[in-house]
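Take these sequences, add in the hints, and give me the full structure.
Everything in the sequence shown is counted per full-length UniProt numbering, starting at 1 for the first residue and increasing by one.
A few of these clues could be false.
Stated by the list, open to error - The calculated lysine-lysine pairs, modelled on DSSO-like cross-linking and capped at a C-alpha distance of 27 Å, are:
1) K80 x K135
2) K178 x K77
3) K14 x K36
4) K113 x K157
5) K170 x K186
6) K100 x K113
7) K30 x K13
8) K13 x K77
9) K41 x K80
10) K178 x K161
11) K203 x K170
12) K164 x K36
13) K186 x K129
14) K157 x K36
15) K129 x K178
16) K178 x K164
17) K77 x K113
18) K162 x K102
19) K164 x K41
20) K178 x K113
21) K129 x K162
22) K162 x K135
23) K41 x K102
24) K100 x K157
25) K164 x K102
26) K162 x K100
27) K157 x K170
28) K161 x K203
29) K13 x K23
30) K102 x K135
Source of the hints: derived by calculation from the structure; they are not laboratory data.
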Amino acid sequence: MQYHSEEYEDVAKKLEIQTKEIKVLYQLKKELEEVKVQNRKLRTDVNASEQRDRLLNIEIVGIPERDSENLNEIILKIGKSTEIDIRNDDILQVNRVTAKLKVQGRPRNIVAKLRTRQLKDNVISQTRKRRLSTKNLDIQGSIIPVYINEHLTIYNKNLLKKAKEIANMKEYQYVWTKNCRIHVRKSVTTPAILISDEEDLRKII
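Spelled out as structure tokens, the structure:
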């Protein structure tokens with residue numbers, strides 16, 4: 001009887017230890033999930049702050065680089081070719097930006113900060129309608145398409161790329177940005193889905 005009693009106590013102690021270990025693991029898992037939520041919120045907040053700073057910006061892709069180029073003049077020519085009234089004082093800042101992954105032979109993009117969001121939106125919409133090229137801007141050499149987009153953060157650019165890839169696989173018809181926010185829509189009759197972070201990509205089903 002004593003042997004069985006000792007054996008029972010030994011098993012009971014092991015069960016107690018295992019129960020405590022399980023509780024510790026559960027608590028650690030809970031804390032890890034909380035940290036993940038906090039990190040996601042922090043990343044989202046930081047990205048949103050960076051994106052707000054770019055709300056008035058346009059990013060121009062495809063303009064060849066020239067020595068002693070006048071970037072302000074390029075913006076004014078974009079306005080002229082799209083019949084949008086852009087004056088010098090509407091251009092708050094303009095410069096070339098180096099891509100994170102530089103591609104040999106590809107010109108650096110131009111980022112311009114405009115005076116109002118309405119002006120920015122008009123420039124983007126009109127250039128898309130007119131299919132702008134270097135020929136429209138009196139730039140000598142081969143005719144190259146010129147694209148003007150919202151100036152997204154690196155995080156949002158990667159998010160937009162992933163959203164397009166998934167939307168294509170799921171046969172969604174529309175992926176676009178508006179006020180630097182990413183939207184997808186399966187068809188004309190379905191509601192738009194806002195994609196703010198990678199977790200939202202799961203909504204594309």
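Hint-by-hint comparison with the structure:
The suggested pairing of K80 with K135 holds, with an alpha-carbon distance near 13 Å, which does not exceed 27 Å. Note on K178 and K77: the hinted pairing holds, with a Cα-Cα distance of about 24 Å set against a maximum of 27 Å. For the suggested pair K14 and K36, the alpha carbons sit about 33 Å apart, so the restraint of at most 27 Å is broken. With a C-alpha separation of about 18 Å, the suggested pairing of K113 with K157 holds against the 27 Å cut-off.
Our distance criterion of 27 Å between C-alpha atoms is met by K170 and K186, whose separation comes to about 8 Å. Distance hint between K100 and K113 is fulfilled; the C-alpha atoms sit about 20 Å from each other, no more than 27 Å. For a cut-off of 27 Å, the pair hint linking K30 to K13 stands: about 26 Å separates their Cα positions. Of the supplied pair hints, the one linking K13 and K77 is violated, its CA atoms being roughly 82 Å apart against a limit of 27 Å.
Between the alpha carbons of K41 and K80 the distance comes to roughly 43 Å, so the proposed pair goes past 27 Å and is violated. The suggested pairing of K178 with K161 holds, with an alpha-carbon distance near 15 Å, which does not exceed 27 Å. A hinted pair counts as satisfied when its Cα atoms are at most 27 Å apart, and K203 with K170 qualifies at roughly 11 Å. Distance check on the hinted pair: K164 and K36 sit about 25 Å apart at the alpha-carbon level, within 27 Å; holds.
With a C-alpha separation of about 22 Å, the suggested pairing of K186 with K129 holds against the 27 Å cut-off. Between the alpha carbons of K157 and K36 the distance comes to roughly 22 Å, so the proposed pair stays at or under 27 Å and holds. In summary, the hint linking K129 to K178 is supported, as the alpha carbons are separated by about 16 Å, within the 27 Å threshold. Simply put, K178 and K164 have alpha-carbon atoms about 15 Å apart, close enough for the 27 Å limit, and the pair holds.
Among the hinted pairs, K77 with K113 is consistent with the structure: their alpha-carbon atoms are about 16 Å apart, no more than 27 Å. Of the pairs offered as hints, the one joining K162 and K102 holds, with about 20 Å between alpha carbons and a cut-off of 27 Å not exceeded. Between the alpha carbons of K164 and K41 the distance comes to roughly 23 Å, so the proposed pair stays at or under 27 Å and holds. Proximity of K178 to K113 is assessed by CA-CA distance (about 17 Å); at most 27 Å being required, the pair is judged to hold.
With a CA separation close to 25 Å, the supplied pair K129 and K162 stays within the 27 Å bound. Distance check on the hinted pair: K162 and K135 sit about 32 Å apart at the alpha-carbon level, beyond 27 Å; violated. Taking the CA atoms of K41 and K102, the gap is near 30 Å; set against the 27 Å cutoff, the hint is violated. Restraint check for K100 and K157: the C-alpha separation of about 12 Å stays at or below 27 Å, so the hint holds.
A threshold of 27 Å between alpha carbons decides the hint, and for K164 with K102 the separation of about 22 Å falls inside it, so the pair holds. For the proposed pair K162 and K100, the alpha carbon gap of about 17 Å is at most 27 Å, so the pair holds. Distance check on the hinted pair: K157 and K170 sit about 20 Å apart at the alpha-carbon level, within 27 Å; holds. A distance of roughly 15 Å separates the Cα atoms of K161 and K203; the hinted pair therefore holds under the 27 Å criterion.
Pair hint K13 plus K23 holds up; C-alpha atoms about 15 Å apart against a cutoff of 27 Å. Our distance criterion of 27 Å between C-alpha atoms is met by K102 and K135, whose separation comes to about 25 Å.
The structure is inconsistent with the numbered hints 3, 8, 9, 22 and 23, although it conforms to all the rest.
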